Amino acid sequence: MSVQTTQFSGGFQNAPTDAAHAFRAAMTVMARPGETRELTGAQAPAPLSEAAATLLLTLCDPETGVHLAGGANTADVRQWLTFHTGAPLVSASKADFAIGTWAALCPLSTYRIGTAEYPDRSATLIVDGDTEANSEATLTGPGIKDAAHLSLPDIQTMQANAQLYPLGIDFFFTNGTQVAALPRSTQISVGG
Amino acid sequence: MSDYNFAYLDEQTKRMIRRAILKGLAVPGYQVPFASREMPMPYGWGTGGVQVSAATLTPDDTFKVIDQGADDTTNAVSIRKFFENTAGVAVTEETEKATVIQTRHRIPEAELNEDQILVYQVPIPEPLRFLEPRETETRKMHSLEEYGLMHVKLYEDISQHGDIATAYAYPVMVSDRYVMDPSPIPKFDNPKLEMSAIQLFGAGREQRIYAVPPHTKVVSLDFEDYPFEASKADHPCDLCAAEDSYLDEVILDDAGNRMFVCSDTDYCRSRRAAGHVGRLGTELGTEDAA
Amino acid sequence: MYVAVKGGEKAIDNAHAWLAEERRGDTSVAELSVAQIREQLSLAVNRVMTEGSLFDPDLAALAIKQSRGDLIEAVFLIRAYRTTLPRFGATLPVDTGGMACDRRISATFKDAPGGQVLGPTFDYTHRLLDFKLAAEGEVVPVETGAPRCGPTPHITEFLQGEDIIQREPESDAVPGDLTREPMEFPSNRALRLQSLTRGDEGFILGMAYSTQRGYARNHAFVGELRIGKVPVEMEIPELGFAIEIGELELTECETVNQFQGSKTEPPQFTRGYGLVFGQSERKSIAMALVDRALRWKELGEDNLGAAAQDEEFVLSHSDNIQATGFLEHIKLPHYVDFQSELELVRKLRREAEERLKGEFTAQEAAE
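Chains as they are written, first to last, in the numbering used here: chain A, 1 to 192; chain B, 1001 to 1290; chain C, 2001 to 2367.
The set of hints was computed from the structure by calculation and includes no laboratory data.
The structure displayed is predicted, hence computed values, not measured ones.
Please note that a few of the clues may not be correct.
Derived Cβ-Cβ restraints for the label pairs, each shown as a range [stated by the list, open to error]:
no.: 1; chain 1: C; residue 1: HIS2016; chain 2: A; residue 2: TYR118; range: 52 to 62 Å
no.: 2; chain 1: B; residue 1: ALA1230; chain 2: A; residue 2: LYS145; range: 16 to 26 Å
no.: 3; chain 1: A; residue 1: ALA46; chain 2: B; residue 2: GLN1012; range: 25 to 35 Å
no.: 4; chain 1: A; residue 1: GLN159; chain 2: B; residue 2: GLU1249; range: 47 to 57 Å
Covered stretches of chain C (in silico footprint by chain B; criterion: 3 or more residues with CB under 8 Å from a CB of chain B, positions within the stretch not fixed) [stated by the list, open to error]:
no.: 5; segment: 2103 to 2114
no.: 6; segment: 2183 to 2192
Glycine included, C-beta positions come from ideal geometry on N, C-alpha and C.
Produce the entire structure from the sequences given, and follow the hints as far as they go.
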């Protein structure tokens, strides 16, 4: 991006319709694990991707605690997020949403996984950027016709998360302007 | 209506609903509590479905609303108009042209595709509610996967009536985990719950949203010796001769004569347009001239 | 030949036009103004504001006019409008102890600091139709006295001084808001009170009455009922202090209830609390009784199985907008479900008849 992003810039041009389009992309990938969609409309300061920034503006507000993990936790990102969403910044254990690289977000055991009566009271992780260390996984379960494929950062950890079902964490993977998702309901096996 | 936001709801409300929809998709069949808003239409008239549609629609969508399978029932007309006015979306009566379909009591006959979303209006989202009125208790049952009460009820039906005496809102097991109310669709529609489209369920008054992602396993509860049976009136449609559609029974006169017609008005229309003619039907287009 | 009914949209438009005509009534009779409703039907306005959760007498009056005097419909209009309003912030809690009281009575003491002030009440009016009002309603100006300047302390403060009434826990926590978060059970008292204030007056009245008649009876004295105006203040972050932004008329009722003590609590008086907009006496007293009945658990009382003690039952059914919507939705078309029932009942009958016939033949054969 050539234009420098400040805390005041990088918001939606037209919030109601931009957010509507962004949500449809986010919903589609959550409903169809393994599929990828374009997610654009917002720009956050580095290191956040456009897709991650767009997802934050679409889903976060003063009612959701956001955890900025590792390199995502910069003064610029904090100001940008506060200005555009009003979301309170919280620790990993209280987060509704957490964002950062996979390495920065780990370990998963810190996040809320919901309760037996309220499995929805769980964190959603936005795993942003860097997919080089990923390996191919085969996905089955709700939202998937026969099998789907997605490259994941740590299959074993994801499998452990799926074991918690119906509790657990849900994931978005953002990179550039792309988004994919992995809900806790998906069964994961190694290899494409 | 220009004083109101796109699709009526304010952005914060839509975000809250959108978050609930995502959780619902992540845990198929689980009822996610959401802070349902007071809509400008009465509770029980589709406020849940309307809120889910409002949070789902984009200006590029083509929207269809059916009630009892029909596009021209008054409440369907009213909801369709609401979104025409507040979201400026295109509307259609043709199932295959619609990207978002809001429904009350039916699943369209035509198979829905990958790019469609079906939004159900739900009056009582809790499938166990009529067995146990207390939310505190039913929530516990879901958490423990304790569905014995439901099986007992169905079994009592069989021992008393020789059949499961539930004809609509027939409970289903979603993805081997949650028993779910499919909304008051006739049980004829239950097999269609396994589909390619995304299914979202909104219960406004009861403040619950739930979802069934595409291709999710949905099994109607039954017993080995009493398997689930999707039944309908044993007639073809009197207008379009369809043998495979759910039928409404229409009383024709005070002598008790009646006819059976497709409840899905668009399905019937498209069949008639394709030249199918039923017992009391005429070729499409001729009746206006008559 | 059969032609399906079409033209739902036209029918709806026509129905609405007819409704508007009916609302106006005979055009040779002068039209009601919103100001007339606000000023002369103020108790209806108060009820609509209370159950609509919005203090705005003009809008409430407009809603009453639009709804042809159907107050639940008017509450609905206000609620639907209220949801769309942006929220600028929260005011400081109002101090009802500093209320400028128009009416203040206590049933527990003959007199108390601040006095017994009857105020504008129907109490002690003989309910005789006043035919003079039919002709003209102008009133003779009443004498006004000098306003009393002394404070009007809450009656329960005196009991608290003697430490003979239950102490309420103090908290600065922000109470929940059932219009922003889904209701969850068990709830807490703040949410219960919000729900009771919004609840249907008739329902709350019926619940309260049931406690008086012995369903979880807990004899209540009206410790105090006060009606008047309180200032509303809001902290302005830019200023660093609170400023007055307006005033509200409120009715507050605190009941004082007998309590013989329980496993966990010593014998003492306990309380129920009611607070509503405007002058809504009946509602505030009823609310206080139901509030008290719902407090059985925190006081260590027995659950007698009475409806008014059942939090989930009371709170799930008190809202008249939810109730009326769901009740009236059964007039919407349900013919698809009815058809499935029709077929099921026919099938069950057929099977039952065949069984019966089978048994009959078997019996004949045996004979």
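Legend entry - C-beta pair A/GLN159, B/GLU1249: status relative to the range 47 to 57 Å that was hinted: Cβ of A/GLN159 to Cβ of B/GLU1249: about 52 Å, so the range 47 to 57 Å holds.
Inset, instruction - Hint says 25 to 35 Å; check whether the CB-CB distance for A/ALA46 and B/GLN1012 agrees. - result: For B/GLN1012 against A/ALA46, whose Cβ atoms are near 28 Å apart, the range 25 to 35 Å holds.
Legend entry - 52 to 62 Å as the expected CB spacing between A/TYR118 and C/HIS2016, which holds or is violated: For C/HIS2016 and A/TYR118 the Cβ distance comes to about 42 Å; the hint is violated.
Legend entry - Verdict for B/ALA1230, A/LYS145 (Cβ pair) under range 16 to 26 Å: holds, 22 Å
Inset, instruction - Count the residues of the segment 2183 to 2192 of chain C whose CB lies closer than 8 Å to any CB of chain B, then report whether that count reaches three. - result: holds (count 4)
Inset, instruction - Examine the segment 2103 to 2114 of chain C: at least three residues should have C-beta closer than 8 Å to a C-beta of chain B. - result: violated (count 0)
The structure is inconsistent with the numbered hints 1, 5, although it conforms to all the rest.
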